[in-house]
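These protein sequences, in sequence, are chains A and B. For the first sequence, this note's numbering gives the first residue as 1, with consecutive numbering after it. For the second sequence, this note's numbering gives the first residue as 1001, with consecutive numbering after it.
Just so you know, these hints were derived from the structure itself, not from any lab. Where is the CB? At the ideal position from N, CA and C, for every residue including glycine. A few of these clues could be false.
Here are the simulated distance ranges between beta carbons [said to hold, decoys possible]: (1) SER298/A with GLY1318/B: 16 to 22 Å; (2) THR1109/B with ALA233/A: 41 to 47 Å; (3) ARG1058/B with GLU142/A: 24 to 30 Å; (4) SER298/A with ARG1248/B: 42 to 48 Å; (5) ASP1366/B with HIS157/A: 30 to 36 Å; (6) GLY318/A with ILE1108/B: 35 to 41 Å; (7) GLN394/A with GLY1177/B: 36 to 42 Å; (8) GLY1177/B with THR72/A: 32 to 38 Å.
2 protein chains.
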Amino acid sequence: MQAEIVSIGTELLLGEIDDTNATYLCRQLTGIGFDVERRQTVDDNRGRIVQVLQEARRRSDLIIITGGLGPTPDDLTREALAQVTGRPLHTDGAAEQRLQAFFAARGITPTANNLKQCQVPRGGQLLYNSCGTAPGILLEHEDCIFIALPGPPPEMHQMMSNDVLPYLEDKVKEAEGQILYTRTLHLCDIGESSAAELLADILDNEGNPAVALYASPGQVRVRMSTKAGSQSAASRRLNRAEQDIRQRLGAHVYGVDDETMEMAVGNALLAAGATLTVAESCTGGLIASRITDVSGSSRYFLNGYVTYSNESKKRLLGVSEGILEDYGAVSEECGRAMAEGARQDSGADYAVAVTGIAGPTGATSDKPVGLVYIAVADEQGTVCEEHNWPGTRQQFKQRVAQMALNMVRKRVMGLV
Amino acid sequence: MQAEIVSIGTELLLGEIDDTNATYLCRQLTGIGFDVERRQTVDDNRGRIVQVLQEARRRSDLIIITGGLGPTPDDLTREALAQVTGRPLHTDGAAEQRLQAFFAARGITPTANNLKQCQVPRGGQLLYNSCGTAPGILLEHEDCIFIALPGPPPEMHQMMSNDVLPYLEDKVKEAEGQILYTRTLHLCDIGESSAAELLADILDNEGNPAVALYASPGQVRVRMSTKAGSQSAASRRLNRAEQDIRQRLGAHVYGVDDETMEMAVGNALLAAGATLTVAESCTGGLIASRITDVSGSSRYFLNGYVTYSNESKKRLLGVSEGILEDYGAVSEECGRAMAEGARQDSGADYAVAVTGIAGPTGATSDKPVGLVYIAVADEQGTVCEEHNWPGTRQQFKQRVAQMALNMVRKRVMGLV
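Construct the complete structure from the given sequences, taking the supplied hints into account.
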């Protein structure tokens, strides 16, 4: 079934806020098997809202609208919906009673604008808002379902979970007898084109599960999807495909679905009963910050050293004056000494260290912006990799952090 | 002038990533006086991309497209643009040379897909990508300007700043004789309603510059805007308004336009000729990472301590066993001891320390999730604030980091 999302609000088109509602709705709808091919955003202008809805209606079985349900004259979703469907607005008595009670409890008399929120196009129903005053609207009109939800994310989320998703899952099952199940594998240290080569026949093949490759900055993902009548039937197929993909991609697969790299590192450390410390120069604390984004990371993360100055590399990590003089702070020798020093000082089982040139300044004739050394020390010894990733300062930091975490993951899991 | 934004990418319609590019572009375009009334998102389907561009073209003077410029067969923006304008694609020799050199430096032979990135519709020009391989495209066709930018945000941002915005500013000036000049002041440690009260008469007044207040989670901004024929005429008006607003809001104003809190801290430290160290528990390295997001931060940032475990608070910062036993790690006493210990160990002029409960676990009966102590030590002594900010782990870390940096800024500038 085709779904389309329409986000309403001048604040979106002024760039004041990200439209996270649209992202959430896309994920939820495609997650149960709707196809979402288009999304539109329009300002608080009734004529344009009507036009956008009319266009969307010609293409889609379902239109989900967010925003424009508030109590101000700028909120025009109800009126636009009535106009597009030719169904006049009337006041829902039960909703009006709830709203009157809500205001009475706060000692306020609702205005005509407030009461407008209880209006619904003929034949539609209001959706209860458990954390705000604006009800949603659900309206089946001819061959199209219109659903209007309030803009504030917490109100929209609860309405989706409580009412809209169960209703839509039934619609999909009714129409197609089955719904879509997906699983995503996250890859590291491999480019999109190399991954595509290793998976070529799976990607080309219109198999079941369908397998597709997605790339975003520093991130490649493999998404498997299959339509099935039950979770267990879907899981069998997804497990089989996952096994095949993992055999081809090996250690490049670090996580599944919501699992981030920092979670994967944490899970590996917990499984090994091991602890970690981090010594950072060019990433400036980003690696430690990502590790500690995971709740419960105190079980394996002891402490981090952000040794930006040479003096602090010597004092905190015991890097020798000789290494700094002979090789400089951005060198394999310094990276190794940082990792070994951090491991020794902290008593952690694993230490990862990074030293590099984030830029845009700081390059020398033989050390360009983007040069970095990443070292991991454990009881077996120390490994060190040299990379060169020019880019913005932020890109560089992110990329180095991701690779450093991946080196830890592989080392802890015995993959390198 | 009317502008419309078209975001291309199946990953957007699967809800895998937020379309922050669209937000950024809306802000930039409305910032120089374009009207943006609509925004569309479409999947990697050539037919639909063409249709969306054709529709947008009928309404708009400018269409900015993001995404679909990569090297895979899914990347179809170039082809769609050629089809919509009837201008065939050809290869740009200079771009191809750059790409060949880029791959040669990495010892890789580019594939035919890679080389596709050097194609441009006849009459168009490629925009240089300083941090990626996908050039942008700028094409004036009949009465419409088409601009295609790569999807990765850092690549898109630099292309906008370097090439697109200066070009568009000229276009607006040409068409309207004057352009919109804006200046934004960033506020910290004050809510939207308090700021609105202090600026009430300026906000109500339809003055020149126009002044408006914007709030997003944890962030309040004051935006001044004025249309003028020249930068100097605009600057005179904006300076006057800024002075007035600063008088009312005082230390709550921390930055102007692109100036982030970490830049403001860096500028204050440079002006004072002072150095900084950071001791972090609950923020786990985020403060240090933000400080080192600023190029040149090595001039004032010496090093950071991410002391997650109690043992590391004692060993690295000299926090006494007594403090940890009597008051616990999340206490004013521990925060102060961390700041003082970090200052002493590093030799920095200023030290900031944070200790708190990021959650969702770790709360006790008298210490809830969201409790945090932020301390700043300098030669005058140590100040410490207690806050309670429940929310998600990430929200909490961001908010604590922002407030800790602001305390350093105010302390260095002698404002507290």
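Hint-by-hint comparison with the structure:
| no. | hint | in the structure |
| --- | --- | --- |
| 1 | SER298/A with GLY1318/B: 16 to 22 Å | 21 Å, holds |
| 2 | THR1109/B with ALA233/A: 41 to 47 Å | 44 Å, holds |
| 3 | ARG1058/B with GLU142/A: 24 to 30 Å | 27 Å, holds |
| 4 | SER298/A with ARG1248/B: 42 to 48 Å | 44 Å, holds |
| 5 | ASP1366/B with HIS157/A: 30 to 36 Å | 32 Å, holds |
| 6 | GLY318/A with ILE1108/B: 35 to 41 Å | 39 Å, holds |
| 7 | GLN394/A with GLY1177/B: 36 to 42 Å | 38 Å, holds |
| 8 | GLY1177/B with THR72/A: 32 to 38 Å | 35 Å, holds |
The structure agrees with every numbered hint stated previously.
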